[in-house]
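J.: Sequence:
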Amino acid sequence: MTRKKLFNSSTDHLTAERYGTAVPLGEPTFETQVTCQLLNRRSHRDFRNDRVCESTLTYLLACAQSAPSKSDLQQYSIIVVEEKELKAQISQLPGMDDWVDKAPHLLVFCADLRRGWRITESKGLVNENNTLDMLVNATGDAAIAMMSLIVAAESLGLGCCPISVVRNQIEQVSAWLKLPTGVYPFAGLGLGYPADEGKTTIRLPQSVVVHRNHYDDSHLLEQLHTYDDTRHGLTPIPTEKQLHPERYGIQPNLKWTDNVARRLSVRERRTFRAFLEQQNLALE
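First residue of the sequence shown: 1, per full-length UniProt numbering; consecutive thereafter.
The set of hints was computed from the structure by calculation and includes no laboratory data. Keep in mind that a hint or two might mislead.
Stated by the list, open to error - Derived pair list, reagent style BS3-like, types lysine-lysine, alpha-carbon separation capped at 27 Å:
1. K70 - K199
2. K241 - K70
3. K87 - K123
4. K199 - K87
5. K241 - K123
6. K241 - K87
7. K102 - K84
8. K178 - K255
9. K241 - K255
10. K178 - K102
11. K178 - K123
12. K199 - K255
13. K102 - K241
14. K70 - K87
15. K87 - K178
Said to hold, decoys possible - Using C-beta positions, here's what the derived DEER-type ranges look like:
16. P68 - L156: 36 to 44 Å
17. E83 - C53: 41 to 49 Å
18. N213 - T120: 38 to 46 Å
19. L234 - Q278: 38 to 46 Å
20. S55 - N253: 33 to 41 Å
21. E83 - G249: 39 to 47 Å
22. T56 - T32: 16 to 24 Å
23. T181 - Q206: 27 to 35 Å
24. Q278 - Q223: 39 to 47 Å
25. Q251 - Q223: 17 to 25 Å
26. T239 - P94: 33 to 41 Å
27. H211 - P236: 37 to 45 Å
28. E277 - D229: 27 to 35 Å
29. A16 - Q251: 39 to 47 Å
The C-beta atom is built at its ideal place from N, Cα and C for all residues, glycine as well.
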């Protein structure tokens, strides 16, 4: 792809939208279609009815498989949910939103250590790496593959939204997908042609996320206060998006850090560890 130098660029507008404020990029600044697409990325939960053709889906799956993989182990699997009844079952689980069933396509990205187990056994060797470290590697593989598919899909005018809620009812989802031992569902992905443009989610400033040489959060609370005010001024949290109102009530002018604290103060997915052990995924 050809790079071009920007003077009055769309990049300035896109970064300002992403951070909620102008970001000095300095000179020279370059953009490509890919960088602009990433800066403009949005999650889509409202789709048109038309489906993605099979050849395009196969193409997108090839893009997913082109992602980097730890030690070339390729420890992930992708379940393409094609049966309407199965998709409807998954979409009706507690915590799922209505849009999941309406999305033309549902994919589930899984961390998969089982394939490696079978390869090792087939060579007459003993697998000594059923470990927490290997599980983290497999989860990373699944996540990077999913993001690669998202980038490819959005370049074709498609929209996507990851679905972590599949882990809320992980036993049921795994049973429906007939996942064997050594495999767990990391996240779902809704895919289709978006019915609207979606909205940009304002991200934390680089001063919070990016550290130079050493980790330093000595100014975190002041930086978060500024971020809260910026984000609230542009995209306030609607009442229905306030988390755990049964415990904390409805708060006027609730901000991002308030909602984060609410989420993290209530334990989620209590059965996750037990499920991993049931799947013979060691946590040592």
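J.: Under the criterion that the straight-line Cα-Cα distance not exceed 27 Å, is the pair K87, K178 satisfied?
T.: holds (14 Å)
J.: Range first: 38 to 46 Å. Now tell me if the beta carbons of L234 and Q278 are that far apart.
T.: holds (44 Å)
J.: Indicate whether the distance between the beta carbons of T56 and T32 respects the range 16 to 24 Å.
T.: With a Cβ separation near 22 Å, T56 and T32 satisfy 16 to 24 Å, so the hint holds.
J.: Given the proposed pairing of K70 with K87, does the C-alpha separation stay at or below 27 Å?
T.: violated (31 Å)
J.: Please verify whether K178 and K123 have alpha carbons no more than 27 Å apart.
T.: holds (26 Å)
J.: How does the Cβ-Cβ distance of Q278 and Q223 compare with 39 to 47 Å: does it lie in that range?
T.: Holds, since Q278 and Q223 (Cβ atoms, about 42 Å apart) stay within the stated range.
J.: Would you check the hint for K70 and K199, treating anything up to 27 Å between C-alpha atoms as holding?
T.: Status violated; Cα separation ~33 Å.
J.: Regarding the pair K102 and K241, is the alpha-carbon distance no greater than 27 Å?
T.: Distance ~21 Å between K102 and K241 Cα, so the pair holds.
J.: Note whether the CB distance of E277 and D229 lies within 27 to 35 Å or breaks it.
T.: About 44 Å separates the Cβ atoms of E277 and D229, which means 27 to 35 Å is violated.
J.: Are K241 and K70 close enough, with their CA atoms no more than 27 Å apart?
T.: violated (37 Å)
J.: Take the C-beta atom of S55 and the C-beta atom of N253, compute their distance, and say whether it sits inside 33 to 41 Å.
T.: Distance hint for S55, N253 is violated at roughly 49 Å.
J.: Just tell me: holds or violated, for the beta carbon distance of P68 and L156 against 36 to 44 Å?
T.: violated (21 Å)
The structure does not agree with the numbered hints 1, 2, 3, 5, 8, 14, 16, 17, 20, 23, 26, 27, 28 and 29 stated previously, though it agrees with the rest.
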